[in-house]
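Student: What follows is each chain in one-letter form.
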Amino acid sequence: MNGWNPLRHHSIHTHIAIAFSCLILCTTALLSYSTYKLSSDAVTHNSLEYTSQLIEQVKVNIQTYISNMESIAALAMRSNDLQRYLKQNEPAFVKLLMKKQVSQYFNSIVTSRDDISSILFISDRGDEIVSNREHADFNSIAQIKEQDWYKKVIGTDQAYISSSHVQRIFRDEYRWVVSISRELPATDDTIGGVLLVDLNYKLINNLCKQIELGKRGYVFIVDPTGDLVYHPQQQLVYSQLKSEQLDKVLQTWNGSMTLGEGSDKKIYTVDTTSFGWKIVSVTYPDELVGNKRQIQYTSALWGILCLIAALAISIVLSYALTKPLKKLEMNMKLAERGDFDIRVEIDNTNEIGKLARTFNIMISKIKELMNQVVEEQEMKRVSELKALQAQIQPHFLYNTLDSIIWMAEMGKMEEVVDMTSALSKLLRSTISKGDELIPISVELEHIHNYLTIQKMRYRKKFTYSIDVDEDIGNCQILKLVLQPIVENAIYHGMKHKPEAGHIRITGKRVDDDIELQVIDDGIGMDSEQAGTLLERKVASKSGNGVGVVNVDHRIKLNFGGAYGLRFESELEEGMIVTLRIPLLRLEDEA
Amino acid sequence: MRRGWTRIRLISVVLLGVIAISWAGFSIVSHELSSGKTTIIYVPKTIDPTIEFWQVMRQGVASAAKEFDAEIEVMGTRAEVDVDEQIALLQEAIKKKPKAIILAATDYNRIVPVAKEIVAAGITLITVDSGLNGGISKSFIGTDNTDAGRRTAEILRMHVDSHAEIAVINFVKESATAMERESGTLEILRRYGNYTLLGPYYSNGSVQTAYDIAKSLLKTKPNLKAIIGLNEPTTYGIGKAIQDLKMQSQVVAVGIDSSMGEIRMLEDGVLLATVIQKPFNMGYSAVKTAVEAIDGKRVSPRIDTGSKVITKENMYSSENQKLLFPFVE
Chain E
1 MNGWNPLRHH SIHTHIAIAF SCLILCTTAL LSYSTYKLSS DAVTHNSLEY TSQLIEQVKV
61 NIQTYISNME SIAALAMRSN DLQRYLKQNE PAFVKLLMKK QVSQYFNSIV TSRDDISSIL
121 FISDRGDEIV SNREHADFNS IAQIKEQDWY KKVIGTDQAY ISSSHVQRIF RDEYRWVVSI
181 SRELPATDDT IGGVLLVDLN YKLINNLCKQ IELGKRGYVF IVDPTGDLVY HPQQQLVYSQ
241 LKSEQLDKVL QTWNGSMTLG EGSDKKIYTV DTTSFGWKIV SVTYPDELVG NKRQIQYTSA
301 LWGILCLIAA LAISIVLSYA LTKPLKKLEM NMKLAERGDF DIRVEIDNTN EIGKLARTFN
361 IMISKIKELM NQVVEEQEMK RVSELKALQA QIQPHFLYNT LDSIIWMAEM GKMEEVVDMT
421 SALSKLLRST ISKGDELIPI SVELEHIHNY LTIQKMRYRK KFTYSIDVDE DIGNCQILKL
481 VLQPIVENAI YHGMKHKPEA GHIRITGKRV DDDIELQVID DGIGMDSEQA GTLLERKVAS
541 KSGNGVGVVN VDHRIKLNFG GAYGLRFESE LEEGMIVTLR IPLLRLEDEA
Chain S
1 MRRGWTRIRL ISVVLLGVIA ISWAGFSIVS HELSSGKTTI IYVPKTIDPT IEFWQVMRQG
61 VASAAKEFDA EIEVMGTRAE VDVDEQIALL QEAIKKKPKA IILAATDYNR IVPVAKEIVA
121 AGITLITVDS GLNGGISKSF IGTDNTDAGR RTAEILRMHV DSHAEIAVIN FVKESATAME
181 RESGTLEILR RYGNYTLLGP YYSNGSVQTA YDIAKSLLKT KPNLKAIIGL NEPTTYGIGK
241 AIQDLKMQSQ VVAVGIDSSM GEIRMLEDGV LLATVIQKPF NMGYSAVKTA VEAIDGKRVS
301 PRIDTGSKVI TKENMYSSEN QKLLFPFVE
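Line order of the protein sequences matches chains E and S.
With the first letter of the first sequence counted as 1, position 271 gets the number 271 in the numbering used here; the numbers rise by one all the way through.
With the first letter of the second sequence counted as 1, position 311 gets the number 311 in the numbering used here; the numbers rise by one all the way through.
FYI, nobody ran anything at the bench for these hints, they're computed from the structure.
Take these hints with a grain of salt, some might be off.
Only pairs whose alpha carbons sit at most 30 Å apart, straight line, appear in this in silico DSSO-like list of lysine-lysine [as the list claims (entries may be wrong)]: (1) E:Lys265 - S:Lys66; (2) S:Lys95 - E:Lys242; (3) E:Lys367 - E:Lys556; (4) S:Lys95 - E:Lys215.
Take the sequences, apply the hints, and build the full model.
Tutor: Structural data, given as structure tokens:
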């Protein structure tokens, strides 16, 4: 238990899918957010830029109007007719004529331009008025002269530009205009007065009204005294239902500022004309945000679409990645149930492919080993059978019985008894079933009986001795392994030797093993032939060595490849057969 | 099998999540796109373009519509007195299923049934300038006429000695507006000074009738110092009578509402003062209130848009110029 892991019970497929999904989710969210951020910044920036360009345009237009008016005023002032009209000493009829001409001149200007609503000259003495309308019905001089455009221009050599106002020159006419006025100072021979040019307010109104700054944004114009020249909701401002931060606007020459809090937040962008009017645009950041919201939705939409696609891909991909693993797992399950004929077919060269190949190799190895085990078991069984057969060779039995008969005819009763009892013991120990493993002492007893019989049969042919350490007497040995070796020594070593030979059986402990040796001084064989003795699987023509090979085989099968028989021999010198088995005491078995 | 189920469950959960997220996203986007503007039908007393009052109110309506992102449809009768046609228009308006109707009722009582239909149809009803009997509308936006009436009397207090005879000429008895104005005027006249009150007389909103009443008063009442007219035609008739009898030095007139004729009279000193309303503000506030009511905000049942006393002295102040000479294209 290494902590709580919520994914512990889920498959790799799930893990990969979840990991991919998380990764994609984070990436998409991050990308969408940054896209939104960048675009919204761009939108804000662009709209501010756009706004300032727009009011710059308004400013240029208004400046053009005003400078046109100024140049018209200058033109009118310099006109010869007006100059002559102003001369003090001219006779009355000339003055009247000049007045008419000036009036016509003014009229020609006003009719040729739709931005000028009226031009008028009012003298400071004599209270004479000359306007573009020859026979106009004027308001009282006092009423006219109390207007700002007259009062404020007296005594200055600067042109006065009024705010928007209702012009009160003509009776029953209330036109909205912007007035520009200029004083013509009196000289020695001319009278002074004020020249007025009225700009049709409609122009400014239309110019500002058409400007679209989002849904709620608008433009207003304020003159340097804080008087609103244009405002789309001027009446609301006057009624205090609305307010503009005019003091802050008036302090700003050019630039943007954000005023107000929350939903009342407005961005004021101010630009100032050469004559002091401030063009102010009011935009609502909320609306930019409205625009931003669209971006938000767009980026969210694309984010979601990408997410869907990516999630689908991640599921497919994780499935594709884990599919070979699943296949491998399924095959392993089959192997678990004992089917070793399977092969995992995975063509990948990646880790899973390698794993599959290793698995295939492992499975085939296991299969091979299994077969080997089966084969070995089979061989063991056959060898035992052979060993059994080797003991009771009928030929040996006939010969022995013949010998007994012969000895009985000869009247050698004592020898008959010896031989018969040896044969009896031999047969008993051979036929007796029981364990495959027996104590060495029992095996030696058996050999003793066998040699007794053989020695009687081949009288004077050989002698024998058994010289085995007492302490290994109760160690385990495979049943009937010594007899074929001894038999071999008699038949191949002694039988063909002219004089009597000697067979010696020794046994001792060597390290953790036991070595038994059958040493004869028979005719032997050359060492080369002795070395290849065990390689003969099939008996040679003379049947030489079949039993020995079988013995070696049985030992190796029971105790492993390190044990078995070893042959050392020289021609005419005899032979040493060494039998090596592990040291197994009887108690160990118990 | 269990593992297979787990996988199917996981995939379906993921897919469901994705579908849910995308559905939410799409619905927000589509909501944003589909949620159109607030539709409001504006029914003035008249759509006659020569009547400045309604033109200016319409400017106020348009200005607020832009500011509050509302879509305004104007449905109005040609003549201010056409009550039946206005009822028909309102029935048509109900069929268009707007979110709100802004109504300047041409009749205090006769419009009430159709107004009830509007409310029953679940449409927010806002009345402007002229309200309805029983206060059916969610809010009434207009001049406080009682207050306007008071102002006509208050301005006289400073110009007429306290024992003067003062005549009041109202327009109609049946109009709530007229009665409110009258009560305001009379309230002040009775509260201050020892004025001898003549009237109230009723001109039926006719210049000629007002002129006749004023003329006979001017001729028969030597102590008459002032005449108050409670609407524009009445005031104009009074002024005309004073002018014609050349009695402007002895008798002054005070009126309500303005017209070119009245402005002239103000400049000529015939008219001492006139109390003017603020139609732009009415139109603006009506839309603003309608939008607020649609949004479920609490709105005041009565919104006073205020009035202003205009005299010869203050008529050209930059503030009053806008009220007196509205810039109408």
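Student: Find the hints from earlier in the document that the structure breaks and name them by number, from lowest to highest.
Tutor: Hint 2 contradicted; others consistent.
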